[in-house]
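Novice: Can you make the complete structure from the sequences, with help from the hints?
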Amino acid sequence: NIESGPAIDPETGAPPVGSQDFGLRGYNLFWTDPGSTLAYVKGEYRTSYIIDPPNGRVPRLEQPKPDWDVRNYGARYLTGVGADEGPEIFPLAERCLLGFGNTAGPGMMGTLYNSTYEIVQSDDYVIITVEMAHDARIIPLYGSAEEARANRRPAVLKQWLGDSVGWYEDGMLVVETVNINPKQMAESSVPITAEGRIIERFERYSDTEIVYQFTVEDDNLYVQPWTAELSFHEMDGEMYEYACHEGNHAMPGMLAGARRLEVEAESGSDDD
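Each residue of the sequence shown is one higher than the last, beginning at -7 in our numbering.
There could be a bad hint or two in this list.
Listed next, with one range per pair, are the computed distances between beta-carbon atoms [unchecked claim]: (1) Asn173 <-> Val215: 20 to 26 Å; (2) Ser28 <-> Ile81: 33 to 39 Å; (3) Lys150 <-> Glu110: 23 to 29 Å; (4) Arg38 <-> Lys150: 32 to 38 Å; (5) Ser136 <-> Glu254: 37 to 43 Å; (6) Ala31 <-> Arg251: 41 to 47 Å; (7) Glu254 <-> Pro51: 39 to 45 Å; (8) Glu187 <-> Asn143: 18 to 24 Å; (9) Ser198 <-> Pro58: 36 to 42 Å; (10) Glu77 <-> Gly260: 19 to 25 Å; (11) Arg52 <-> Arg144: 39 to 45 Å; (12) Ser181 <-> Arg141: 25 to 31 Å.
Derived DSBU-like pairs (lysine-lysine); straight-line CA-CA distance at most 35 Å [claimed, not checked]: (13) Lys150 <-> Lys57; (14) Lys175 <-> Lys150; (15) Lys175 <-> Lys57.
Everything labelled a hint here was simulated from the structure, so no lab data went into it.
Computed from a predicted model, the values in this text were never measured in an experiment.
Heads up, the beta-carbon is just placed ideally off N, CA and C, and yes, glycines get one too.
Specialist: This is how it looks when you write it as structure tokens:
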């Protein structure tokens, strides 16, 4: 990991391709914006997002039953060659189809940079625009939980970010999401299977702070439901467009380069 890697020395240059440290130094502080303080929620500092269970840890099953194929991010950095058999194998973030980490949710959490949200509400919808990578959650609103659940999309219509419906309870916005795409959650900070659900709660705590909770329920992966809590703090200025789409535009070149490497490797083995 980065903490165990060597210090950056501009005199020595980049580590050799294929070495243990290859790919660990792609960004420096110019690009990142991790913040300058600890998590601050309801007037207090937090050491964990998780508030239930009280120990602040995710209650994972010892033998979980996931319904996806786990993709190994680390392999492409250690070898210098990614999982590039075809476009279906490329990670979603690399193709700029979904936000990096878990910025878009459900279970929205910040990442190393570009962790801004814009929330717009009309009479019938709440729209949450995620800075990275230009995701928009369009959530229909109903008068009650029963009405919302009765108006879900057909289960066959699987969307990135799942099927979300919302309603208000005592001034708090509640959003329930089911039918989340397993391929999305294979790369998520909040793993969940197609049978699980995530319940989010948005509460206006002050003029400049929204307290955000999400509860994850999935018997395939967890011993019990668990809940995380964090705050969204108001920022000055506008949120600019994160116009990332290079991964898809560059797909032919990336796949062609991978095929070329395969040919070169095969030719080299024949020469031996």
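Novice: It remains to establish, for every hint, whether it holds in the given structure.
Specialist: Okay, the hints, checked on the actual structure:
no. : hint                          : in the structure
1   : Asn173 <-> Val215: 20 to 26 Å : holds (24 Å)
2   : Ser28 <-> Ile81: 33 to 39 Å   : holds (38 Å)
3   : Lys150 <-> Glu110: 23 to 29 Å : holds (26 Å)
4   : Arg38 <-> Lys150: 32 to 38 Å  : holds (34 Å)
5   : Ser136 <-> Glu254: 37 to 43 Å : violated (57 Å)
6   : Ala31 <-> Arg251: 41 to 47 Å  : holds (45 Å)
7   : Glu254 <-> Pro51: 39 to 45 Å  : holds (43 Å)
8   : Glu187 <-> Asn143: 18 to 24 Å : holds (21 Å)
9   : Ser198 <-> Pro58: 36 to 42 Å  : holds (39 Å)
10  : Glu77 <-> Gly260: 19 to 25 Å  : holds (20 Å)
11  : Arg52 <-> Arg144: 39 to 45 Å  : violated (28 Å)
12  : Ser181 <-> Arg141: 25 to 31 Å : holds (26 Å)
13  : Lys150 <-> Lys57              : holds (20 Å)
14  : Lys175 <-> Lys150             : holds (11 Å)
15  : Lys175 <-> Lys57              : holds (15 Å)
Violated hints for the displayed structure, listed by number in ascending order: 5 and 11.
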